[in-house]
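*Asks:* Sequence:
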Amino acid sequence: MRCYSAVISFIASRTAGAGISASNCSFVATPPGLIRFPLTRTLALYALAFLALAAPWLSGAVTIPWDAKAQFQPQLNFLANSLAQGQSPLWTPNVFSGWPQIADPQSLLFSPLHLLLAWLDPHVDFRSADAITFIALFFGGCGIILYVRDRGWHSAGALVAALAFAFGGSAASRIQHTNEILSLCYLPVG
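Under our numbering, think of the first position of the sequence shown as 3, with each following residue one higher.
Hints are computed from structural coordinates only; laboratory data are not their basis.
Hints are not guaranteed to be accurate.
[To be verified] Subject to a maximum C-alpha distance of 20 Å in a straight line, what follows is the list of computed SDA-like cross-link-like pairs (lysine to any residue):
id : residue 1 : residue 2
1  : Lys71     : Ser84
2  : Lys71     : Asp123
3  : Lys71     : Ala57
4  : Lys71     : Leu115
5  : Lys71     : Ser61
6  : Lys71     : Pro58
7  : Lys71     : Pro107
8  : Lys71     : Leu184
9  : Lys71     : Phe112
10 : Lys71     : Asp106
11 : Lys71     : Ile137
12 : Lys71     : Arg176
13 : Lys71     : Ala133
14 : Lys71     : Phe128
15 : Lys71     : Trp59
16 : Lys71     : Leu117
17 : Lys71     : His125
18 : Lys71     : Asn83
19 : Lys71     : Gln178
20 : Lys71     : Ser185
21 : Lys71     : Val97
22 : Lys71     : Ser130
23 : Lys71     : Ala174
Generate coordinates for the entire structure from the input sequences, incorporating the hints supplied.
*Replies:* This is the structure in structure tokens:
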């Protein structure tokens, strides 16, 4: 226990004013507004690291597999075709004798990014659908950076937190489930 206290005391002496207390060995966030890191530099570094990690998908060399293509790609194509033909995407005649698309939570009707893509491109391909997923992850990471900045933490911590959010376990294990990724990305933005 003495060695542990000595380590904490040493760290506290080297990081004076950073909110580390040697007396109770706890980490306390610096009040917002006292220490603010340069946001543009951190966002630029995040964008570069994000593009480097997402390059295989954004280039089209690989694609997000399974449900992203078997379930969500047909939904997105129907949405794009309906909008291009001037028809309502709320009902599809292609399933059974008709199906209310608006009642299906996986129809992507309420995803602003997917609606924009479907409106711009009537022939949505795998690459653009994957790009929308990664754009959502990018914005979620930006939300994490803003959250960390508001807490007064270090910019390196913000960068690591944003990359861990965008490419960590929660996103990587569910990348094929488009709606779950979108829900995850709204968490830090909201």
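*Asks:* Next step is simple, just say for each hint if it's right about the structure.
*Replies:* Here's how the hints hold up against the structure:
The hinted pair formed by lysine 71 and serine 84 meets the criterion: a straight-line CA distance of about 19 Å does not exceed 20 Å. Among the hinted pairs, lysine 71 with aspartate 123 is consistent with the structure: their alpha-carbon atoms are about 17 Å apart, no more than 20 Å. A hinted pair counts as satisfied when its Cα atoms are at most 20 Å apart, and lysine 71 with alanine 57 qualifies at roughly 19 Å. With a CA separation close to 17 Å, the supplied pair lysine 71 and leucine 115 stays within the 20 Å bound.
Annotation: proposed proximity of lysine 71 to serine 61 holds, straight-line Cα distance about 17 Å (limit 20 Å). Annotation: proposed proximity of lysine 71 to proline 58 holds, straight-line Cα distance about 17 Å (limit 20 Å). Restraint check for lysine 71 and proline 107: the C-alpha separation of about 16 Å stays at or below 20 Å, so the hint holds. Under the criterion of a C-alpha separation no larger than 20 Å, the hint pairing lysine 71 with leucine 184 is consistent with the structure, at around 16 Å.
Of the supplied pair hints, the one linking lysine 71 and phenylalanine 112 holds, its CA atoms being roughly 19 Å apart against a limit of 20 Å. Among the hinted pairs, lysine 71 with aspartate 106 is consistent with the structure: their alpha-carbon atoms are about 17 Å apart, no more than 20 Å. For the hint pairing lysine 71 with isoleucine 137, the CA-to-CA distance comes to about 17 Å; that is within 20 Å, so the pair holds. For the hint linking lysine 71 to arginine 176, the alpha-carbon distance of about 13 Å falls within 20 Å, and the restraint holds.
Annotation: proposed proximity of lysine 71 to alanine 133 holds, straight-line Cα distance about 13 Å (limit 20 Å). Only pairs whose Cα atoms come within 20 Å are accepted, and lysine 71 paired with phenylalanine 128 is accepted, the gap being roughly 7 Å. Restraint check for lysine 71 and tryptophan 59: satisfied, since their Cα atoms lie roughly 14 Å apart, inside the 20 Å limit. For the proposed pair lysine 71 and leucine 117, the alpha carbon gap of about 17 Å is at most 20 Å, so the pair holds.
Of the pairs offered as hints, the one joining lysine 71 and histidine 125 holds, with about 14 Å between alpha carbons and a cut-off of 20 Å not exceeded. Distance restraint check for lysine 71 and asparagine 83: the Cα-Cα separation of roughly 17 Å lies within the 20 Å cut-off, and the hinted pair is therefore satisfied. Distance restraint check for lysine 71 and glutamine 178: the Cα-Cα separation of roughly 8 Å lies within the 20 Å cut-off, and the hinted pair is therefore satisfied. Of the pairs offered as hints, the one joining lysine 71 and serine 185 holds, with about 18 Å between alpha carbons and a cut-off of 20 Å not exceeded.
About 18 Å separates the Cα atoms of lysine 71 and valine 97, which keeps this hinted pair within 20 Å; it holds. Restraint check: the Cα-Cα separation between lysine 71 and serine 130 comes to about 12 Å, which is no more than 20 Å; the hinted pair holds. With a C-alpha separation of about 16 Å, the suggested pair lysine 71 and alanine 174 falls inside the 20 Å cut-off, and the hint holds.
Of the numbered hints given earlier, the model fails none.
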